[in-house]
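As a plain string of letters, each chain reads:
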Amino acid sequence: MNPIERYAPLVADTDAFFAACERPLPSVVRVNTIKAAVDRVREALDEEGVGYEPIKWNDELLTFDERGPGTTWPYFHGWLHGQEEVSALPAMILDPQPGETVWDACAAPGSKTTQLSAMMDDTGIVIGNDNNLGRLSALRHNAERLGVTNLIVTKQDGRNFSLKDFGFDEFDRALVDAPCSCEGTVRKNPTTLDQWTLNHVHSVAAIQKGILSRAIQATKPGGTVVYSTCTFAPEENEAVIDHVLETEECEVVAFDCPLESVSGVTEWEDDSYDSSVTKTHRIYPHLNDTGGFYCAKLEVTA
Amino acid sequence: MSDDSGPAADESESPPDDSATAAEERDLRSNVGQRFGRLPATARDREVAGRASREEVVAFFEERFGIDPAVFAECTFWEKGKGKIWIFADSVPDPIRVEGLGMTVLRTRQEHWKPTHSAVQRFGRHANKNVIEISGETAATFVRAETQEVEWDGDWGYLIAAHTIGGEREPIGVGLYLYDELRSTVPKGNREELPVLD
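Chains as they are written, first to last, in the working numbering: chain A, 1 to 302; chain B, 1001 to 1198.
A few of these clues could be false.
[Said to hold, decoys possible] Listed below are the simulated DSS-like cross-link pairs for lysine-lysine, each with C-alpha atoms no more than 30 Å apart in a straight line:
1) B:Lys1084 to B:Lys1114
2) B:Lys1129 to B:Lys1082
3) B:Lys1082 to B:Lys1114
4) A:Lys155 to B:Lys1114
5) B:Lys1188 to B:Lys1114
6) B:Lys1129 to B:Lys1084
7) A:Lys56 to A:Lys279
8) A:Lys220 to A:Lys155
9) B:Lys1188 to A:Lys155
10) A:Lys164 to B:Lys1082
11) B:Lys1084 to A:Lys164
12) B:Lys1084 to A:Lys155
13) A:Lys155 to B:Lys1082
14) B:Lys1188 to A:Lys188
15) B:Lys1114 to B:Lys1129
[To be verified] Simulated DEER-style distance windows between Cβ atoms:
16) B:Glu1133 to A:Glu170: 46 to 52 Å
17) A:Val253 to B:Arg1109: 47 to 53 Å
18) A:Phe18 to B:His1126: 48 to 54 Å
19) A:Pro54 to B:Arg1109: 42 to 48 Å
20) A:Thr71 to B:Glu1047: 46 to 52 Å
21) B:Glu1193 to A:Val38: 24 to 30 Å
22) B:Glu1047 to A:Gly51: 54 to 60 Å
23) B:Gly1081 to A:Pro54: 39 to 45 Å
24) A:Asp95 to B:Arg1097: 30 to 36 Å
25) A:Gly51 to B:Tyr1179: 40 to 46 Å
26) B:Glu1146 to A:Gly82: 22 to 28 Å
27) B:Asn1128 to A:Gly167: 32 to 38 Å
28) B:Lys1188 to A:Ser203: 34 to 40 Å
29) A:Asp95 to B:Glu1193: 34 to 40 Å
[Unchecked claim] Cβ-to-Cβ under 8 Å is the rule here; a few derived chain A residues that face chain B:
30) Arg40
31) Val41
32) Glu47
33) Thr123
34) His141
Treat the hints as calculated values from the structure; they're not laboratory data.
All figures in this text were calculated on a predicted structure; none of them were measured in a lab.
From the three backbone atoms N, C-alpha and C, an ideal C-beta is built for every residue, glycine too.
If we strip away everything but chain B, and leave its shape as in the complex, we get (with noise of 0.2 Å):
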């Protein structure tokens, strides 16, 4: 579903009554944590303060990372709790309590958005700039998540680091380039000590 339908109009103009269908409205378009709420279309749409756009959401990844939009034609993004955006395969009614919507993609609702670990390495193959090529022990020290020195001409922030295996470019995770250092951010659970690749 690519349709990511702007709210109601007359939904803004509910009257104030004591009702729980009422309270319950409200609550709806605050952001309440455990229930996920579907990103507005674009900015104009936006009822929930602070919340991103789905425009705004492809377009990072597009800017930073030369993701092509079409990538994600078919899918819609959600939001729970303050900030952490999820991307979803298919559609479901708005807003929905489940305790999972598909995958992680981002973190909003700070100065620098930061794809997830998830999203890179699932989307970070459609992504032609700022990647960073890293190989043999710079690879296998990245994935146990420590900072090394690595030679880099491009933006600082965030990146997606990645490696060749089986014949074709892969990415590992997402990296942040700041004074010469390349961090590592693979999350706590994700990190591995693996062999050296030639």
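If we strip away everything but chain A, and leave its shape as in the complex, we get (with noise of 0.2 Å):
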């Protein structure tokens, strides 16, 4: 069976949803901050004669018309950061400040993490985590490429992730990105349809609902835990914020999605989830012409 149309049932219009599921995805960028301005980027591509439109809810997004990125002097700079556009929505969610401590939970290799350093000026602290060692040097060398000096990149398994190290004990905020099934990015990788298993969906929902458990643990009273996946399955989603509601101090605060989206859903197959899940957002590939997204917000209480 695809996958796709397991989540049939949750999407108004279905053809839509099934036609841009089959779509390639445009080539966007994250004008990177830290080293240069959105003007003088887009000074530098026209320059270049590298024709681009401007994203409309981020100025810092480009959408490239024709070749990538990686063959422009901007992006040899360090300018420039391949990030499809619905990835750029959890940092812009979370919101840290300069000077803040913010932990990215599963942070290779590094298009959000990069994110959060330059909006909080390259000040502070972020600390990057990661479980496997090939995609940390990934991240490694993003950061690198893109100037990054405010942050520490670590291997810890995110379940129990360990604070001790630092000299400090909780978080301002913290991001969990969470390993899922991603049938969300099918429109950049057709092939992670193939791999797709029920099995795989509830045990990677297992080790979800660890990390943001951790997460909201190690985040201070007030502060905020943004957990986001590239998956549809409400098992992935709902069902994590649900479980967390229960079993953590934390809620669901609202927040305006800068892009199209739907409501979480309360009822999954034989499942019903805490009403607060309404709050949170799906955003489908015909939506915006983006990859598919999920995105949460908490608000620790205590």
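Need the complex rebuilt from these two chains, each delivered in its own frame; the hints are there to steer you.
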């Protein structure tokens, strides 16, 4: 079975949904404001004759007309980072401030991590954690290329992440961009569906619950935790939020989604979820011509 | 954080014993790979043989490239392994065992200290000496990491190669100037075939 079909009951316009999943994604870059201002980058791209369109909801994002960014001077200078449009959302919702201490629990390869650093003007501390050495090497390479100096790279199991070496005992904010079934990336990696199994959905959901729980525990009361995935599976989205609402000190916070989205679902197959998950957002590929995405914002209450 | 405080005076007096703590203590004072040790404030505060001091690192960037020490005022400097210096925007306990701490800036423990490609790309805009301005085909050749003949009246050694883009000068990478030739040290992973800009 094509796993995408599994989610048809959740989607209003299924034809548009299936059609969008078949199309390749536009080539989008984020301007790395640690190294260059948006105006200067646009001027340099104009000089080089590279065509692009700004993305309306975030002027740091540009859609390239044709070639990929890798063979341009602004890319060489570390002014640009290839990053899917929808994946710029969770850092914006987390809204880290300069000087804060922020945890990116599943950081590699680092698009969102380096975006957090840029939003903090490369001050304070971002701890970028991942449990896979190969992916960590990509994270380090990207951070270095983008000139990030406020990042500590760690290799721990996010589910029992230890803070004891760092000289502080809680984060101001945390991002859990969790490992997931990734159907939302089908436009980038069509083969991702070949590996899809329901068993994997359930096993990865257990990991997601563990990492998100740790993020809530490690964040100060009043602090923000953002949970995001690129899967449509409610087991990995609303069910994970529903779980931490029961087990951890937190609540769901509403946010204005700058992209067109629909509310999180309160029922799926035989399960039902806390009504506050309707404040979380599902983004389907046909809504904004992006990848698929899920994003929830939580506030730590104690 | 600008305060690179020196070691506590009694640390060097710890009595020898067989406890794990003592072994750890010895380990920490030597220069262990994968572990980041903070640079001492000055050479006088040095505990690890051969380790550069913060003062020396900042002086290197000022003397060689004219970069104002104020650029680094809020940062801390760390060594991992033998000679590779990292710059971190904030402060953490010393030593610390992590996979990465900020960004690499400098290779020390060799006769001529060499700034990293990333350091020059990030901080080179503050330089006002030993910057060689190149353009057109020369700049594109530099990014391919090829050696070329270029005129230069200044010092030999490591230079910052820069060009004008988007209305301002921008560092491209580290060049090594010797015998009328500019060698490019752009790392393998960063080399690219880029268009020649007018």
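Hint check results:
Under the criterion of a C-alpha separation no larger than 30 Å, the hint pairing Lys1084 of chain B with Lys1114 of chain B is consistent with the structure, at around 10 Å. The suggested pairing of Lys1129 of chain B with Lys1082 of chain B holds, with an alpha-carbon distance near 28 Å, which does not exceed 30 Å. Of the pairs offered as hints, the one joining Lys1082 of chain B and Lys1114 of chain B holds, with about 14 Å between alpha carbons and a cut-off of 30 Å not exceeded. Distance check on the hinted pair: Lys155 of chain A and Lys1114 of chain B sit about 29 Å apart at the alpha-carbon level, within 30 Å; holds.
Under the criterion of a C-alpha separation no larger than 30 Å, the hint pairing Lys1188 of chain B with Lys1114 of chain B is consistent with the structure, at around 17 Å. Taking the CA atoms of Lys1129 of chain B and Lys1084 of chain B, the gap is about 24 Å. The hint holds against a cut of 30 Å. For the proposed pair Lys56 of chain A and Lys279 of chain A, the alpha carbon gap of about 23 Å is at most 30 Å, so the pair holds. For the proposed pair Lys220 of chain A and Lys155 of chain A, the alpha carbon gap of about 22 Å is at most 30 Å, so the pair holds.
For the proposed pair Lys1188 of chain B and Lys155 of chain A, the alpha carbon gap of about 26 Å is at most 30 Å, so the pair holds. Of the supplied pair hints, the one linking Lys164 of chain A and Lys1082 of chain B holds, its CA atoms being roughly 26 Å apart against a limit of 30 Å. Taking the CA atoms of Lys1084 of chain B and Lys164 of chain A, the gap is about 25 Å. The hint holds against a cut of 30 Å. Straight-line distance between C-alpha atoms of Lys1084 of chain B and Lys155 of chain A comes to about 21 Å, which keeps the hinted pair within the 30 Å bound.
Taken as a hint, the Lys155 of chain A and Lys1082 of chain B pair is honoured in the structure, with Cα atoms around 22 Å apart against an allowance of 30 Å. Pair hint Lys1188 of chain B plus Lys188 of chain A holds up; C-alpha atoms about 27 Å apart against a cutoff of 30 Å. As the CA atoms of Lys1114 of chain B and Lys1129 of chain B are separated by approximately 15 Å, the hinted pair is consistent with the 30 Å bound. Roughly 48 Å separates the CB atoms of Glu1133 of chain B and Glu170 of chain A, a value that falls within the hinted 46 to 52 Å.
At roughly 51 Å, the beta carbons of Val253 of chain A and Arg1109 of chain B sit within the given window of 47 to 53 Å. At about 53 Å, the CB distance of Phe18 of chain A to His1126 of chain B agrees with the hint of 48 to 54 Å. A hinted range of 42 to 48 Å holds for the C-beta pair Pro54 of chain A and Arg1109 of chain B, which are about 47 Å apart. One distance hint, 46 to 52 Å for the beta-carbon pair Thr71 of chain A and Glu1047 of chain B, holds here, with the actual separation near 47 Å.
Taking the beta carbon of each, Glu1193 of chain B and Val38 of chain A are about 26 Å apart, inside 24 to 30 Å as hinted. Checked against the hint of 54 to 60 Å, the pair Glu1047 of chain B and Gly51 of chain A passes, with Cβ atoms roughly 56 Å apart. The hinted window of 39 to 45 Å between Gly1081 of chain B and Pro54 of chain A holds, with their beta carbons roughly 43 Å apart. Take Asp95 of chain A and Arg1097 of chain B: their Cβ atoms lie about 31 Å apart, and the range 30 to 36 Å holds.
The given range of 40 to 46 Å is respected by Gly51 of chain A and Tyr1179 of chain B, whose C-beta atoms sit roughly 43 Å from each other. With their beta carbons about 26 Å apart, Glu1146 of chain B and Gly82 of chain A fall inside the hinted range of 22 to 28 Å. The beta-carbon spacing between Asn1128 of chain B and Gly167 of chain A, approximately 36 Å, falls within the hinted interval of 32 to 38 Å. The hinted window of 34 to 40 Å between Lys1188 of chain B and Ser203 of chain A holds, with their beta carbons roughly 38 Å apart.
Remark: the range hint 34 to 40 Å for Asp95 of chain A to Glu1193 of chain B is upheld by a beta-carbon distance near 39 Å. Proximity of Arg40 of chain A to chain B holds as hinted, the smallest CB-CB distance being about 4 Å (cut-off 8 Å). At its closest, the beta carbon of Val41 of chain A sits 7 Å from a beta carbon of chain B; the interface hint therefore holds under the 8 Å criterion. Annotation: interface hint on Glu47 of chain A holds; nearest CB of chain B at approximately 7 Å, less than 8 Å.
Interface hint at Thr123 of chain A: satisfied, since its Cβ lies 6 Å from the closest Cβ of chain B, which is below the 8 Å cut-off. About 7 Å separates the beta-carbon of His141 of chain A from the nearest beta-carbon of chain B, less than 8 Å, and the hint is met.
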